[in-house]
Amino acid sequence: MTMTMEFERIRGVKAAPLPEMYTSGHRTCQGCDSALNCRYVAKAAGPRSIVLGATGCMYVANTSYYSTPWAIPWMHTQLGATGSAVLGVAVSLKVQMRKGKIKNEPINVIGIGGDGGVADMGLSAVSATLTWPEYDSLIVMYDNESYANTGVQVSCQTPYGAHTTFSPVGTVKPIMHKRWKKNTAAMMAAGHPECRYVASACTAYPVDLMNKVRRALSISGPTFVAILCPCPKGWDFDPRYSHEMGEMACKSGMWANWEMEDGKLTFQTPTSGIIKGMVQRMPVADYLLRQGRFDHLRKEDFDHIQKQLDKIWGEWGIPAILPFKVAEGELA
Amino acid sequence: MVLEKAKIGEEHEALMSGCEAIAVALALADVDVLTGYPIRPYDTVINFIARLIADGQMDADLIHAEGEHSQFEIVKHACVSGARVFTGSSGVGWVFAMEPLVVTPPARIPVVAICGNRAVDDPGAFGCEHNDQYLVRDIGWMICWADTAQEALDLILMSYRVAEDPRVFLPCSLGVDGSFLTHAMNIVKLPSKAQVDKFLPRYDRGKLRLHPDNPISVAVQVNEDWLQELRRTVNEGAITSKAVVEQAAKEFYQIFGRQKDPFFEQYMTEDADMVLVGAGTLSLSVRANVRKLRKEGKKVGFVRMKWLRPFAAEEVRECLSRFKAVGVIDRDYSYGSGDFGGIMFHEMRSALYTAKKQPLVSNFICGLGGREIYEADVREMVKIMEDSIKAGTVKTPVTWVGTRSR
Ligand SMILES: Cc1ncc(C[n+]2csc(CCOP(=O)(O)OP(=O)(O)O)c2C)c(N)n1
Ligand code: SF4
Ligand SMILES: [Mg+2]
Chain A
1 MTMTMEFERI RGVKAAPLPE MYTSGHRTCQ GCDSALNCRY VAKAAGPRSI
51 VLGATGCMYV ANTSYYSTPW AIPWMHTQLG ATGSAVLGVA VSLKVQMRKG
101 KIKNEPINVI GIGGDGGVAD MGLSAVSATL TWPEYDSLIV MYDNESYANT
151 GVQVSCQTPY GAHTTFSPVG TVKPIMHKRW KKNTAAMMAA GHPECRYVAS
201 ACTAYPVDLM NKVRRALSIS GPTFVAILCP CPKGWDFDPR YSHEMGEMAC
251 KSGMWANWEM EDGKLTFQTP TSGIIKGMVQ RMPVADYLLR QGRFDHLRKE
301 DFDHIQKQLD KIWGEWGIPA ILPFKVAEGE LA
Chain B
1 MVLEKAKIGE EHEALMSGCE AIAVALALAD VDVLTGYPIR PYDTVINFIA
51 RLIADGQMDA DLIHAEGEHS QFEIVKHACV SGARVFTGSS GVGWVFAMEP
101 LVVTPPARIP VVAICGNRAV DDPGAFGCEH NDQYLVRDIG WMICWADTAQ
151 EALDLILMSY RVAEDPRVFL PCSLGVDGSF LTHAMNIVKL PSKAQVDKFL
201 PRYDRGKLRL HPDNPISVAV QVNEDWLQEL RRTVNEGAIT SKAVVEQAAK
251 EFYQIFGRQK DPFFEQYMTE DADMVLVGAG TLSLSVRANV RKLRKEGKKV
301 GFVRMKWLRP FAAEEVRECL SRFKAVGVID RDYSYGSGDF GGIMFHEMRS
351 ALYTAKKQPL VSNFICGLGG REIYEADVRE MVKIMEDSIK AGTVKTPVTW
401 VGTRSR
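Note that the protein sequences, when read in sequence, are chains A and B.
Counting with the numbering used here, you get residues 1 to 332 for the letters of the first sequence.
Counting with the numbering used here, you get residues 1 to 406 for the letters of the second sequence.
Note that these hints are calculated values from the structure, not bench results.
Since this is a predicted model, take the numbers as computed values, not measurements.
Among the clues, some could well be false.
Anything over 12 Å on all C-beta distances counts as not near chain B; from chain A, calculated [unchecked claim]: (1) 4; (2) 13; (3) 27; (4) 30; (5) 87; (6) 121; (7) 169; (8) 170; (9) 207; (10) 266; (11) 275; (12) 314; (13) 315; (14) 328.
Label-pair ranges, simulated between beta-carbon atoms [as the list claims (entries may be wrong)]: (15) 12/B with 71/A: 50 to 58 Å; (16) 235/B with 104/A: 34 to 42 Å; (17) 260/B with 150/A: 50 to 58 Å.
In this text, a Cβ means the ideal position worked out from N, Cα and C, and glycines have one as well.
Starting from the given sequences, assemble the full structure and let the hints guide the process.
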């Protein structure tokens, strides 16, 4: 039988383990937080891990022949196959351990896929994997809010109004992308009764991120973590501001950091402060105006986004997570 | 269900369907991970496997995948990390898995699958056609076709042996004709576990295993700098597979007394002027009609192809150039291809191009959608071959046999 790994909580950046499992060798853009995310995930998981990486920037711009950055075993998986890849490895290890074909020991099985791979194309396989309680695995969605590797196209995680190569700014249609971002982590948490752990994090809060990865890996069964990873190229900002961009995403309420373990939901900083009413959400325009992809928005567009956000935080049954609540009079 | 009574691991004979025979072969091969998704006729194998696991006759994990793409991705990754795996599909299910089907060979992953041959939509049809399996002909899959439930069992064991040979490390697909083979009952000789263990060593992925003890990166990104060399290594595996099939068949014959001829089987060809060539269960009807025609003095024989990848060009050339006329039966089509013939027709003609003596080759498309091949059909084929011999040339290269005219 496979066993999950036990981890110590990381208390502060300086207390993070020194060994790097994801090192030099990649050729992602300067300021790429998706690459930084790989580093955090691998660092938190440690050497007894296997990583399955879906097609996307974290494959194409990341693992060139003869210069892999991965110090732990890593394998490419197809764009829509993150869920199947982790399930395949997890079941393989489990059966081999049961039959005495390999040593019985805890091994972390981690899938890392982009928003396009996980929330669009691979949704069905990810969802299926989250229904198998007997196979321990973690699926990490690095959300850079576009199909970045193919030249930045709209995905279901691209924010409303963003300019991408599939949604250019036109003279007749100034906004071509008018869909609201899919709430992927919440969907995973709400729809998979046997998935004990779902969290969302952001690279701007690395200690929180690493602890969520560790928590996910120490819990039995399939787990899921969505991680917002600012992308200087796709979002069109100076690479030096990646960290700041992540902070602003969370502070404006465009992203929320939360954790659901065995049905219990908690919020982490800075989301926790917002939820408790201790800090005000920063105006969303202050965040959006820092990115070229929103350059074309007019005042009424910012107002629309702000209004939508206010609703999500003010009216949703579970703020920032689930829109519905039980209608009045329905419960005894 | 017959399987319940089968004593798996003891040598004995039992009446069973092709799907049951395959399930027994998988249990004997000690497969670790299997995946299934419902589509006829493939799913019947998984029905039996599920029963074997549920009743404790097989120690393996069966994943009910949410689609064929996942089915093939799951076993691909399970196999890289050291497990012996099995999967498969049929018709449009096979097509739905096309992406993982394509990426499995270049990563040198010895997945063993069956293609329960079925017509691809549209229109929806359950019957047998071979186009589904032929879709993986050119991308590094080894492909073979069985003729009976017995041979399906045999070729499953052969497939693991060849695919998991580190010199090959390529996936292998066994074609089994939907309903004709998968669901027809036959007497099957079941080997003992000891015999199987003697023939089939344990799967060892060696230094290509994905495991923390062996921190490799698999299938990393390349461009024009390396791809051509990597493609060549896959080709080398495909080339080597031919000798490995031959050797495996030889040992198989020594242990089990079957599979004497590795690549194809000849029937009444010794003194034949003309032969029909085909794969799969159509052999039953063709052989019966060959016998009948022989009684009428027609010197006709039959060559049944087993392995199409690797393709034994030399052996095929040597065999077929003995005859005056060759008629290739395709349970498939290749729309728009040269002379508008079927896939195996092109394979055979291409192999014969360098033969010192070339037979007159014609092509018969028939049996599509699971249509039976009747006596009248075989007579028509033989008539066309006789006309070619008389004329000294092939007048009609391709004929759709047993097809209603407008
Ligand atoms: C089946 C398939 N369709 C399309 C592609 C082309 N493709 C390669 S990378 C990529 C982008 C993936 O986007 P995402 O998952 O968000 O990762 P990112 O590139 O943003 O890191 C796409 C669409 C592919 N590799 N496979
Ligand atoms: S495009 Fe974005 S995600 Fe891709 S490498 Fe550059 S910064 Fe990273
Ligand atoms: Mg992306």
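Non-interface claim for residue 4/A versus chain B (Cβ beyond 12 Å): The assertion about residue 4/A holds, with a minimum of 15 Å to chain B.
Status of residue 314/A, Cβ more than 12 Å from any chain B Cβ: 37 Å, holds
Hint check for residue 150/A and residue 260/B - Cβ pair distance inside 50 to 58 Å: With Cβ atoms ~53 Å apart, the hint holds.
Beyond 12 Å from each Cβ of chain B, as asserted for residue 315/A: 34 Å, holds
Residue 170/A remote from chain B - nearest C-beta pair above 12 Å: 34 Å, holds
Distance rule for residue 328/A, whose beta carbon must clear each one in chain B by more than 12 Å: Holds, because the least Cβ-Cβ distance between residue 328/A and chain B comes to about 37 Å, which exceeds 12 Å.
Minimum Cβ-Cβ distance from residue 13/A to chain B exceeds 12 Å: Non-interface label stands for residue 13/A: nearest chain B Cβ at 26 Å, farther than 12 Å.
12 Å Cβ clearance of residue 87/A from chain B: Label violated. Min Cβ-Cβ 5 Å, cutoff 12 Å.
Closest CB of chain B to the CB of residue 30/A still more than 12 Å away: 19 Å, holds
Residue 27/A non-interfacial with respect to chain B [C-beta, more than 12 Å]: Non-interface label on residue 27/A violated, nearest chain B Cβ at 10 Å vs cutoff 12 Å.
Range agreement (Cβ of residue 71/A with Cβ of residue 12/B, hint 50 to 58 Å): Because 52 Å falls inside the window, the suggested range holds.
Interface-negative label, residue 266/A against chain B, beta-carbon threshold 12 Å: Holds, since 31 Å exceeds 12 Å.
Of the numbered hints listed earlier, those contradicted by the structure are 3, 5, 6.
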